[in-house]
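A.B. asks: Residue numbers (the working numbering), protein chains in the order written: chain A, 1 to 173; chain B, 1 to 160.
Honestly, the hints are just simulated from the structure, not real lab data. The reader is advised that the hints may include incorrect statements.
To be verified - Have a look at the derived ranges for each label pair, beta carbon to beta carbon:
| hint | chain 1 | residue 1 | chain 2 | residue 2 | range |
| --- | --- | --- | --- | --- | --- |
| 1 | A | Lys138 | B | Lys146 | 42 to 50 Å |
| 2 | B | Arg56 | A | Pro108 | 50 to 58 Å |
| 3 | B | Leu44 | A | Glu61 | 14 to 22 Å |
| 4 | A | Asp63 | B | Asn60 | 28 to 36 Å |
| 5 | B | Asp42 | A | Glu40 | 24 to 32 Å |
| 6 | A | Pro74 | B | Arg52 | 15 to 23 Å |
| 7 | A | Gly140 | B | Arg68 | 29 to 37 Å |
| 8 | B | Arg68 | A | Glu61 | 53 to 61 Å |
| 9 | A | Arg67 | B | Asn39 | 23 to 31 Å |
| 10 | B | Arg68 | A | Lys56 | 46 to 54 Å |
| 11 | B | Gln121 | A | Glu61 | 34 to 42 Å |
| 12 | B | Asp42 | A | Pro108 | 56 to 64 Å |
Virtual Cβ for every residue (Gly too), placed ideally from N, Cα, C.
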Amino acid sequence: MAVISLGGSVVSTSLKVAGDKFDEAIIKYIKKKHNIMIGERTAEDLKINIGCVYPKIQDMEMDIRGRDLITGLPKTVTIHSSEMLEALIETAMMIVDAVHSVLERTPPELAADISDKGIYMTGGGCLLDGLDKLLQEKTGINVMIAQDAVSCVALGTGKALDNLDTLDMRKRK
Amino acid sequence: MFKYGQDIGIDLGTATVIAYVKGKGIVLREPSVVAVDNNTGDVLAVGKEARRMLGRTPGNIVATRPLREGVISNYTVTEKMLKYFINRVCGKFIFSPRIMICIPSQVTEVEKKAVIDAASQAGAKKVYLIEEPIAAAIGAGIDISKACGNMVVDIGRRNN
Numbered sequence: 001m002a003v004i005s006l007g008g009s010v011v012s013t014s015l016k017v018a019g020d021k022f023d024e025a026i027i028k029y030i031k032k033k034h035n036i037m038i039g040e041r042t043a044e045d046l047k048i049n050i051g052c053v054y055p056k057i058q059d060m061e062m063d064i065r066g067r068d069l070i071t072g073l074p075k076t077v078t079i080h081s082s083e084m085l086e087a088l089i090e091t092a093m094m095i096v097d098a099v100h101s102v103l104e105r106t107p108p109e110l111a112a113d114i115s116d117k118g119i120y121m122t123g124g125g126c127l128l129d130g131l132d133k134l135l136q137e138k139t140g141i142n143v144m145i146a147q148d149a150v151s152c153v154a155l156g157t158g159k160a161l162d163n164l165d166t167l168d169m170r171k172r173k
Numbered sequence: 001m002f003k004y005g006q007d008i009g010i011d012l013g014t015a016t017v018i019a020y021v022k023g024k025g026i027v028l029r030e031p032s033v034v035a036v037d038n039n040t041g042d043v044l045a046v047g048k049e050a051r052r053m054l055g056r057t058p059g060n061i062v063a064t065r066p067l068r069e070g071v072i073s074n075y076t077v078t079e080k081m082l083k084y085f086i087n088r089v090c091g092k093f094i095f096s097p098r099i100m101i102c103i104p105s106q107v108t109e110v111e112k113k114a115v116i117d118a119a120s121q122a123g124a125k126k127v128y129l130i131e132e133p134i135a136a137a138i139g140a141g142i143d144i145s146k147a148c149g150n151m152v153v154d155i156g157r158r159n160n
């Protein structure tokens, strides 16, 4: 995440918390609460289908299969989205805290611009249900999810390519 | 006009590799997983096919994600993966493409060098790097050239 002005980043931080940390949190939670070991892909499915970090209006559920740690046999359990909230909230708060720390280090003029324009979220991780609402509630700043969030970065690199020649010129100087 | 190779933009993500070709849009979206045969060192599968092998491989085959936390953790495999993807995007072009790859903010010089080297070895004529948040901002349609603050939170699979 970064604060960008005049084509460069002013304050930036890179956090090793994202999609896979959410999956790990789900695996840990299911293991602790249901005594069932599930695989990474099942965890990811759970996150995509019923995962949330902000209370959902309608509770959703999903059946998952894993290995029972006590009997050692495969077992099916039903997981609710309220449980997902419990499992994911801690990891989500780490992202919120990181945004907070970036805002703290942002020069006041730019902070004013941001509170005016809002925060843009991109990347596949921001499709996690409620993450934008959580961030908006905790920071008090409008949060927008970019269109086609998943391929935003690739689109951006592509657009930057159009200006490659200018970039080339600048480097030569 | 005569065309000297292509320009490719690559989002070298820990989970997914997305490639963008100038004038064509997004041409490739594949999981960044590579399956390697340990006995021979050959690459068996890349992308979707390799992802299906994750966690289901016999002893001599290893399906791995060559990138960890946004940076290259397995150089050789990353290079092979890039080569495969670049070949698929470009076909058999005589002229090698110019490639722009995005990297997370705050990576070390060594990590940057690794990305540049891997891409050049994979067949790029010239490699450019761009910071992920900046690429994300451009992709989101924000005009970043103005003297105005914009905050971008890019949450990928391993990084943000």
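A.B. asks: Tell me the numbers of any earlier hints that the structure contravenes, in ascending order.
C.D. replies: 1, 3, 8, 10 and 11
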